[in-house]
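A.B. asks: For reference, the chains in residue letters:
2 protein chains.
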Amino acid sequence: MIRIAVDGMGGDYAPAVVVDGAVQAANDFFDIEIVLVGQTERLKHELNRHKVLGGKLVIQDAPEVVGMGDSPVAALKKKRNSSVGVCIELLKNKEVQAVMTAGNTGAAVAASTLMLGLLPGIKRPGIAISTPTLRGISIAMDVGANLNPSANELFQYALMASIYAQEIFKKKNPTIGLLNIGEEESKGTEVLKEAHKILRDSPLNFLGNIEGRDFFTGKVDCIICDGFVGNVVLKMCESMLETGMELFSRELKKNPIALLGAWLCKPALSAIKNETNYEEAGGAPLLGVDGTVIISHGISSARAIRNAIRVGADMVSNQVNQRIVDQISQIASAAAAKGEGKTA
Amino acid sequence: MIRIAVDGMGGDYAPAVVVDGAVQAANDFFDIEIVLVGQTERLKHELNRHKVLGGKLVIQDAPEVVGMGDSPVAALKKKRNSSVGVCIELLKNKEVQAVMTAGNTGAAVAASTLMLGLLPGIKRPGIAISTPTLRGISIAMDVGANLNPSANELFQYALMASIYAQEIFKKKNPTIGLLNIGEEESKGTEVLKEAHKILRDSPLNFLGNIEGRDFFTGKVDCIICDGFVGNVVLKMCESMLETGMELFSRELKKNPIALLGAWLCKPALSAIKNETNYEEAGGAPLLGVDGTVIISHGISSARAIRNAIRVGADMVSNQVNQRIVDQISQIASAAAAKGEGKTA
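Residue numbers (my numbering), protein chains in the order written: chain U, 23 to 366; chain X, 23 to 366.
Among the hints, erroneous ones may be present.
Because identical chains share one entry, a pair is satisfied inside a single copy or across any pair of copies.
[Stated by the list, open to error] Only pairs whose alpha carbons sit at most 25 Å apart, straight line, appear in this in silico SDA-like list of lysine to any residue:
1) K209 with M137
2) K275 with L156
3) K209 with I321
4) K78 with S323
5) K215 with S93
6) K276 with T153
7) K209 with L169
8) K275 with W285
9) K276 with S292
10) K192 with L156
11) K193 with N174
12) K99 with E207
13) K275 with A293
14) K78 with H67
15) K193 with T239
16) K116 with D53
17) K276 with G266
18) K276 with L286
19) K193 with E268
20) K241 with K275
21) K219 with D92
22) K78 with V39
23) K275 with L291
24) K215 with L98
What the hints contain is simulated information worked out from the structure, not anything from laboratory work. The model shown is predicted, which means the values in this text are computed figures rather than measured ones.
With the hints as extra help, turn the sequences into a complete structure.
C.D. replies: Here is the structure:
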């Protein structure tokens, strides 16, 4: 049984939608138990709408709430009593094996990093998101935790994303691409040129630089980028389908025959919508911290929350963090041996 | 009459498609004369396919070609004899009033900056592209000339983009947004926080930070960003329609009724394709250099080349560069007066 703490107060539609998702997860997944963290009375009120299988969900009180607009610093001040702070505390004390929050991302990253610490050898944590492409799911990392990663941090993101793709999405020897403004290794900032070299000389399956146009084609399994460009691109993707549909419906208003056509196309359009739906992936792990923390979109639906909780459980049962630690230490040993070989 | 030098050898389909576009511009626009620059024999060969109105197009020889994969440094070494180098030289010597190239962007930026110099007061040039949104055209700047702009350079991009939007796209008091990872002014890198302050205190119509999701909604007239994220986002946009169509056609293969529906929708889909077609804008000015230089996409069609040449002529006739110089100097005077006021 995997126990997961769910931040009941985090998210644009919390606590109602988070409670709905947590209940779905508790009832749908036989191997998951939920600790729902937040203002007890409000959570109880929401739970009244549901039936939960016996013993699968308990409430843990946390009187404070970190707002979506709070700065990470302000959030940390109330961390001990906030729902996200209590979740991380439970994880630190090994009372749960994973945390899921759809609240303030900056606060979740700051609290996780400071309270849990980092995995041995890891320099900075990063958020790894799964995104639909023409050839299935790709992982993009980082999408918002680290706006100015160093070359070595980008390399570590590639390593962590690769393990995540392998363990959770069952990709064999996942391919890695470095997001850049051109394919040639001479392109981009100094940091990217250096990251390119480190990746090229590493045991990872590095295919080279990729460009913005490769994002949706599934050219690589793991897209590695800084958290600024990752965040912009991610939010852009989310609005794309909406924009496309808006343009389409404007044209349809001018043309009744096309409107009939669109009606006939509806099943195909729904299939695309489902295929590209962020809800199915649901959550993005904060990789690199010493603990399993899943961050969900603030606008997450109940289904997205449910699936994010599933991702947390899969991270635990596949021992993703242990594999990261093993691979980082292997690479460090290999580098040390190579250094000794040179001096011998 | 506006004379424009066209880099006949620049672009993925040069010289054939560039010659086609230059001829279209010469024949379609009564106020434009073309100087087609490149390997004379090859250009003449391409021109054989066309009829050009008398005196509207001449050839200027340039024996060397800068490849699309050449580094800007390699390109500069052969600049004197390359088609792009000769174009810029003609502009410098005032034999033409503008340059249009679909060749190697790095080479065009480097040659323009070094040979023409910058407008008085401008720190770094940037590329301003027009992009379709739900509310018409928006300008995004920079999209690839400057990967690490300072806060003041971002402010200058906002100023130049604003003048460009006003003079060429007839936007009144254009709105400005700073591309960031959140709307709050505390978000983003130190450079972005500083740029936010400068913009807020400036006479520009600054609406604040915008996020990736606002890119296509037309929330602002001018989207200001560094050249790295601008370039990634731009290339992503280009592949989006393609990706959407690929997903759609896959679904249609599974569903014959939807296929009929798609056929009925065809006019609506074509209308969207036209509305969001980069060809209509065609070219992006390199703003900030002392001269009018239009950079076109390497994959430009003849129509895109023709329209890019038109943008160059419009930049000249609307005296965009003069307006930039005037406004930069006004802001400098105002800042100086304010400084004097303080000490008085």
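A.B. asks: Now tell me, hint by hint, if it's right for this structure.
C.D. replies: The hints, checked one at a time:
1. Taking the closest pair of Cα atoms, K209 and M137 come within 25 Å of each other only across two copies (23 Å); inside a single copy the shortest separation is 38 Å, beyond that limit.
2. For a Cα distance limit of 25 Å, the shortest separation of K275 from L156 across copies, 15 Å, qualifies, whereas the shortest one inside one copy, 30 Å, does not.
3. Taking the closest pair of Cα atoms, K209 and I321 come within 25 Å of each other only across two copies (19 Å); inside a single copy the shortest separation is 36 Å, beyond that limit.
4. Taking CA atoms no more than 25 Å apart as the test, K78 paired with S323 passes inside one copy only; the shortest distance there is 21 Å, against 61 Å between copies.
5. Proximity of K215 to S93 under the C-alpha cut-off of 25 Å is restricted to the inter-copy arrangement: shortest distance 14 Å between copies versus 33 Å within a copy.
6. With identical chains, the CA atoms of K276 and T153 are at most 25 Å apart between copies only, with a shortest distance of 23 Å across copies and 34 Å within one.
7. In this assembly of identical chains, K209 and L169 lie within 25 Å of each other by CA distance both inside one copy and across copies; the values are 19 Å within and 10 Å between.
8. In the homo-oligomer, the alpha carbons of K275 and W285 lie at most 25 Å apart both inside one protomer (13 Å) and across protomers (17 Å), since each shortest distance falls under that limit.
9. Taking the closest pair of Cα atoms, K276 and S292 come within 25 Å of each other both inside a single copy (22 Å) and across two copies (13 Å).
10. For the identical chains of this complex, K192 and L156 are intra-copy neighbours only, at 17 Å inside a copy versus 39 Å across copies, given an alpha-carbon limit of 25 Å.
11. For the homomeric pair K193 and N174, the shortest alpha-carbon distance inside one copy (24 Å) is at most 25 Å, but the shortest distance between copies (45 Å) is not.
12. Proximity of K99 and E207 under a CA criterion of 25 Å is satisfied inter-copy only: 20 Å between copies versus 44 Å inside one chain copy.
13. Within a single copy, K275 and A293 get their C-alpha atoms as close as 23 Å, and across copies as close as 12 Å, so both meet the 25 Å cut-off.
14. In this assembly of identical chains, K78 and H67 lie within 25 Å of each other by CA distance solely inside one copy; the values are 18 Å within and 78 Å between copies.
15. Taking identical chains as interchangeable, the C-alpha atoms of K193 and T239 lie at most 25 Å apart only when both belong to the same chain, with a minimum of 16 Å there against 36 Å between chains.
16. Taking CA atoms no more than 25 Å apart as the test, K116 paired with D53 passes inside one copy only; the shortest distance there is 17 Å, against 76 Å between copies.
17. Taking the shortest Cα distances, K276 and G266 sit within 25 Å of each other both inside one copy (16 Å) and across copies (22 Å).
18. Proximity of K276 to L286 under the C-alpha cut-off of 25 Å is found in both arrangements, the shortest distances being 17 Å within a copy and 13 Å between copies.
19. Taking the shortest alpha-carbon separations for K193 and E268, only the inter-copy value of 23 Å comes in at or below 25 Å, while the best intra-copy value is 35 Å.
20. In this assembly of identical chains, the alpha carbons of K241 and K275 lie at most 25 Å apart only when taken from different copies (23 Å versus 37 Å within one copy).
21. Taking the shortest alpha-carbon separations for K219 and D92, only the inter-copy value of 20 Å comes in at or below 25 Å, while the best intra-copy value is 39 Å.
22. In this assembly of identical chains, the alpha carbons of K78 and V39 lie at most 25 Å apart only when taken from the same copy (18 Å versus 67 Å across copies).
23. For a Cα distance limit of 25 Å, the shortest separation of K275 from L291 qualifies both inside one copy, at 18 Å, and across copies, at 13 Å.
24. Within a single copy, K215 and L98 get their C-alpha atoms only as close as 35 Å, which misses the 25 Å cut-off; across copies the closest is 21 Å, which meets it.
The structure shown violates none of the earlier numbered hints.
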